[in-house]
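Single-letter residue listing:
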Amino acid sequence: MRKGIAALSLLGLGLAQEAHRVAITHPGGSYNQEVAFLWPWVYFFSVVIFAVVAGALAYVTWKFRARPGDEGEPPQIHGNDRLEVVWTLIPLAIVFVLFGLTAKALIQVNRPIPGALKVEVTGYQFWWDFHYPSLGLRNSNELILPAGVPVELEITSKDVIHSFWVPGLAGKRDAIPGQTTRLSFEPKEPGLYYGFCAELCGASHARMLFRVVVLPKEEFDRFVEQAKAAPPVADERGQQVFQQNCAACHGVARSMPPAVIGPDLGLMGNRTSLAAGIVENTPENLKAWIKDPLAMKPGSKMPGFPQLSEEDLEALVRYLEGLKVEGFDFKALPKF
Amino acid sequence: MAITAKPKAGVWAVLWDLLTTVDHKKIGLMYTATAFFAFALAGVFSLLIRAQLAVPNNTFLTGEQYNQILTLHGATMLFFFIIQAGLTGFGNFVVPLMLGARDVALPRINAFSYWAFLGAIILALMSYFFPGGAPSVGWTFYYPFSAQSGSGVDFYLAAILLLGFSSLLGNANFVATIYNLRAQGMSLWKMPMYVWSVFAASVLNLFSLAGLTAATLLVLLDRKIGLTWFNPAIGGDPVLFQQFFWFYSHPTVYVMLLPYLGILAEVASTFARKPLFGYKQMVWAQMGIVVLGTMVWAHHMFTVGESTLFQIAFAFFTALIAVPTGVKLFNLIGTLWGGKLQMKTPLYWVLGFIFNFLLGGITGVMLSMTPLDYQFHDSYFVVAHFHNVLMAGSAFGAFAGLYYWWPKMTGRMYDERLGKLHFWLFLVGYLVTFLPQYALGYLGMPRRYYTYNADIAGWPELNFISTVGAFILGLGGLVWVYNMLKSLRSGPKAPENPWGGYTLEWLTASPPKAHNFDVKLPTEFPSERPLYDWAKKGVKLEPEDPSHIHLPNSSFWPFYSAATLFAFFVAVAALPVPNVWMWVFLALFAYGLVRWALEDEYSHPVEHHTLSGKSNAWMGMAWFIVSEVGLFAILIAGYLYLRLSGAAVPPEERPALWLALLNTFFLVSSSFTVHFAHHDLRRGRFNPFRFGLLITIILGVLFFLVQSWEFYQFHSHSSWQENLWTAAFFTIVGLHGLHVVIGGFGLVLAYLQALRGKITLHHHGTLEAASMYWHLVDAVWLVIVTIFYIW
Chain Z
1369 MRKGIAALSL LGLGLAQEAH RVAITHPGGS YNQEVAFLWP WVYFFSVVIF AVVAGALAYV
1429 TWKFRARPGD EGEPPQIHGN DRLEVVWTLI PLAIVFVLFG LTAKALIQVN RPIPGALKVE
1489 VTGYQFWWDF HYPSLGLRNS NELILPAGVP VELEITSKDV IHSFWVPGLA GKRDAIPGQT
1549 TRLSFEPKEP GLYYGFCAEL CGASHARMLF RVVVLPKEEF DRFVEQAKAA PPVADERGQQ
1609 VFQQNCAACH GVARSMPPAV IGPDLGLMGN RTSLAAGIVE NTPENLKAWI KDPLAMKPGS
1669 KMPGFPQLSE EDLEALVRYL EGLKVEGFDF KALPKF
Chain U
9 MAITAKPKAG VWAVLWDLLT TVDHKKIGLM YTATAFFAFA LAGVFSLLIR AQLAVPNNTF
69 LTGEQYNQIL TLHGATMLFF FIIQAGLTGF GNFVVPLMLG ARDVALPRIN AFSYWAFLGA
129 IILALMSYFF PGGAPSVGWT FYYPFSAQSG SGVDFYLAAI LLLGFSSLLG NANFVATIYN
189 LRAQGMSLWK MPMYVWSVFA ASVLNLFSLA GLTAATLLVL LDRKIGLTWF NPAIGGDPVL
249 FQQFFWFYSH PTVYVMLLPY LGILAEVAST FARKPLFGYK QMVWAQMGIV VLGTMVWAHH
309 MFTVGESTLF QIAFAFFTAL IAVPTGVKLF NLIGTLWGGK LQMKTPLYWV LGFIFNFLLG
369 GITGVMLSMT PLDYQFHDSY FVVAHFHNVL MAGSAFGAFA GLYYWWPKMT GRMYDERLGK
429 LHFWLFLVGY LVTFLPQYAL GYLGMPRRYY TYNADIAGWP ELNFISTVGA FILGLGGLVW
489 VYNMLKSLRS GPKAPENPWG GYTLEWLTAS PPKAHNFDVK LPTEFPSERP LYDWAKKGVK
549 LEPEDPSHIH LPNSSFWPFY SAATLFAFFV AVAALPVPNV WMWVFLALFA YGLVRWALED
609 EYSHPVEHHT LSGKSNAWMG MAWFIVSEVG LFAILIAGYL YLRLSGAAVP PEERPALWLA
669 LLNTFFLVSS SFTVHFAHHD LRRGRFNPFR FGLLITIILG VLFFLVQSWE FYQFHSHSSW
729 QENLWTAAFF TIVGLHGLHV VIGGFGLVLA YLQALRGKIT LHHHGTLEAA SMYWHLVDAV
789 WLVIVTIFYI W
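If you're matching them up, the sequences are chains Z and U in order. Residue numbers for the first sequence follow the numbering used here, beginning at 1369 and rising by one. Residue numbers for the second sequence follow the numbering used here, beginning at 9 and rising by one.
Among the hints, erroneous ones may be present.
[Stated by the list, open to error] Quick list of in silico lysine to aspartate or glutamate cross-link-like pairs, DMTMM-like style, CA-CA up to 25 Å:
1) Z:K1585 with Z:D1697
2) U:K428 with Z:E1439
3) Z:K1556 with U:E552
4) U:K545 with Z:E1488
5) Z:K1596 with Z:E1652
[As the list claims (entries may be wrong)] Residues of chain U clear of chain Z, computed beta-carbon distances all greater than 12 Å:
6) G18
7) L133
8) F137
9) Q250
10) W432
11) F472
12) V527
13) W666
14) D688
15) N731
16) K766
17) Y797
Honestly, the hints are just simulated from the structure, not real lab data. Virtual Cβ for every residue (Gly too), placed ideally from N, Cα, C.
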């Protein structure tokens, strides 16, 4: 619905300059609702235990300090069996309560949700590939999801171990070469969510970010429908430059299997960020990236293209930024 | 060695003395100094880390440089400081004193352990000067990242293996010392709490180190010769690496904690002027930690996608371990309660520890709640948590110990005001550094990020505050170093017992004389506080007759052996394997062991009275064997997993069963021959003894020749780079072959001793140890025949 996006855009305008408000208890989806349920329990017990023990410590330190001139030995007490049993049993009881809650929540969050939308998530040094087999859609570094629809991510890696983490939506799950791990949850609140690689994977581990775009269901459906059309060509010369320089590694088909070497750029114009979520998607940043990617991301497999003429570069950037589905501005979504 | 007053010695003489010493106090001092040096160095690394993270998108360090510093910070702090200071540092110095002993059970092994430990530090750090740079894979070196990274990883892995030798020997030595060398009358339940904690930590390390050795060895083999268990391209499992790694690396956090809990107990009791509150419960809680500590490792791997049931089990034990840990804290407070607290520097660290460890314990329980852990895992929340328990926990314990025993170790007092200033700077610096990091974890900041974007609310501010805190810690570090130097230069002379301590180390001079005790120790130990009890009873201490005091001789060969072993590992790390240098250094190492074996430990033949009735060599080897069994058990468990899950399939042509059965015959009969040889020795029949030993060695050589031929044949049929079963076969059977060589060499040493007439009825430790080892080799072989040749 256009109105929905418009309303979100209006809301977003106010927030446009604002930072992402990332928090692990943000109830952006079904997973984090479990976290938000557990959190107050453990918080309560933590505060109580801390208050009691730290209080006792403070009391002891104050009350039993040796005062000047206070000679002689204090009572030589070797223990108190009853007290010791009590202070073993109380923590034991607390541990059992917390463990019961943990087990229940754990079974809940690890249970596969029937009828979930499947997305294949693949980690590479240092970017992410997202493929929707049932929709014939592919994107890199920005995972677009519908609100209110359960999703099941099938996560793997093509090189070293990575870990997929969107704090505002769900806990992390490792991307392990040769294996597939699963993460199911239902995103609920539309927004632009920060995502991170959470397993040390190389020199640019900290530059392997991504975003999750949660759209209202209707917006998502419309986006998917429109994305099925071939990407428009915004600049003929740019397309030529792309074919000559970039196509060996990058695809723009939005649905083909990945060219393995580099991210699919078919939805480049819709992305909010560049180079796996590290800078804002602007023509200037894109130019800088193409000229010298290693300056932004050490260890990246992409070579620089300083030899491109300024005109070629401009044309290429126009072509790339034109690869998009019109009518969507993800930057305007609330940021989490 | 006779007891004489030493003249003032020159620098070279002092150096030579340190190189050749077997005195537990000097070794303990060297361990302590090295460990605290490692702390200072790793502390400087942490300042570089925090400087880089002070502001968003900082370019002070590149990602690669940051990862190198991060790895060295973690590895140095964990392996070279926190595991060492409380266990091998203070442990070596204090435990024999607390037991009323003159040295550890195996003094030369002890010297070797120290030099190997020093070699391991040098190995890990020297990588920086090689083209591949320092390791940059994190101290956890996860596969396959570690298999693809630069040559720094080779040095790091070699360092871990060398350190492994050092720690296992050190741990076995501690356990043997505690079993065998307690003063007459000191039963286990009368030992000081610190001795209990060293015992517990040593046993735990002996049991679990195998996991790290297995993980390290397999990654090194993968990097050097392509032998792989983990490579998914041939069906290997990268998660298996993590199982091996954490099987050790979780229990080891208790190795990093238990000795400090022991120190804190001693300090709390001394400065509260009271006995420990619930001594027995504290010992049981500690044993509970040891047992539970081996059952929680997979909580480091909740996010790898294991089954929910598996995770629930590990979540349960993880939460449960909070109970005995909590009990230890409560008993510490109970010990202080009702006392007359002497507010001196060591006690400050105890109070700080209790406060900080409480925070760390509570956040640890949060982390045991798996759905929360999925969020917190590998985030700054975890970083804050483990610094809470290790830095503000164990390291505070280390400083409690350092300030407590400093007068005893150096003979000098220090400036109390500076000690307290150091404490306050550390406490405030710690809180300012790490409380923001809890918040950063809550706000989703992953750990091991060399930089971050400015557009996430709270990150820039919290990171900046954290960096300020780190520099407060750095300032505290300067105060500490200044205080120590000032004390050494101009501190007042320390009396024997400056704090009124209750345990036997306070009965010695400060610093203690070479033979530790001038007096005969009474044989009555009413409680774990002998000095208190004896003073109450008015027991009068009689001087010991100097002619009854015998100390072990100094020896150059432990240092020489450790140095050549170090050189061997450098050759393995720096050059392609195999290479000629590693064989050269191995030969030099073997030469050192021969010289060592042929040298007399004591100048006078000494009858060792041990409390257990077993010799020190027997006791040390028995506990060392625990670790060997662990190593084979964990590798075999990994093999069974790969085999049963269908990943490891034997190739068509396998090594022949009949050859293995022939070898079984050789090895089983050799176990009998060595047994009868030992029997003959005990009966005093020296010629049959030597003959039996020779036959055993020949049978071992036959086994080795047959197996070498079999390996040569099988290697040309099936490659360990392509087949998991073949890789497992060469790893486990090859490792057993290595044990045959080591055990055989031990027998050769005993044989050489016999030829030189150095083996007597009462003095045959090498033979005892070698023959026990040989039986182990035999038993493992029977398992191997079953699972590799018959199955």
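Taking the hints in turn, this is what the structure says about them:
1. Between K1585 (chain Z) and D1697 (chain Z) the alpha-carbon distance is near 16 Å, which keeps this suggested pair within the 25 Å criterion.
2. For the proposed pair K428 (chain U) and E1439 (chain Z), the alpha carbon gap of about 23 Å is at most 25 Å, so the pair holds.
3. For the proposed pair K1556 (chain Z) and E552 (chain U), the alpha carbon gap of about 81 Å is over 25 Å, so the pair is violated.
4. Restraint check for K545 (chain U) and E1488 (chain Z): the C-alpha separation of about 77 Å exceeds 25 Å, so the hint is violated.
5. Taking the CA atoms of K1596 (chain Z) and E1652 (chain Z), the gap is about 28 Å. The hint is violated against a cut of 25 Å.
6. The beta carbon of G18 (chain U) is kept farther than 12 Å from every beta carbon of chain Z, the shortest such distance being approximately 46 Å.
7. Distance check on L133 (chain U): its Cβ is at least 20 Å (rounded) from any Cβ of chain Z, clearing the 12 Å threshold; non-interface status holds.
8. The claim that F137 (chain U) is not at the interface with chain Z holds, since no C-beta of that chain comes within 12 Å of its own (minimum 20 Å).
9. Consistency note on Q250 (chain U): stated as away from chain Z, yet its beta-carbon is not over 12 Å from all of that chain's, at 9 Å minimum.
10. At the 12 Å boundary, the C-beta of W432 (chain U) stays outside the reach of chain Z, the nearest C-beta of that chain being 14 Å off.
11. The beta carbon of F472 (chain U) is kept farther than 12 Å from every beta carbon of chain Z, the shortest such distance being approximately 15 Å.
12. The claim that V527 (chain U) lies off the interface holds: its Cβ sits roughly 24 Å from the closest Cβ of chain Z, which is beyond the 12 Å cut-off.
13. No beta-carbon of chain Z is positioned within 12 Å of the beta-carbon of W666 (chain U); the least distance is around 37 Å.
14. At roughly 52 Å from the closest C-beta of chain Z, the C-beta of D688 (chain U) stays outside 12 Å, upholding its exclusion from the interface.
15. Under the 12 Å C-beta cut-off, the non-interface status given to N731 (chain U) relative to chain Z holds; the minimum distance is some 16 Å.
16. Annotated as non-interface, K766 (chain U) keeps its C-beta farther than 12 Å from every C-beta of chain Z; the closest such distance is 49 Å.
17. With a closest Cβ-Cβ approach of about 29 Å to chain Z, Y797 (chain U) is found to remain outside the 12 Å limit, as its non-interface label requires.
Consistency with the previously given hints fails for numbers 3, 4, 5, 9, ordered from lowest to highest.
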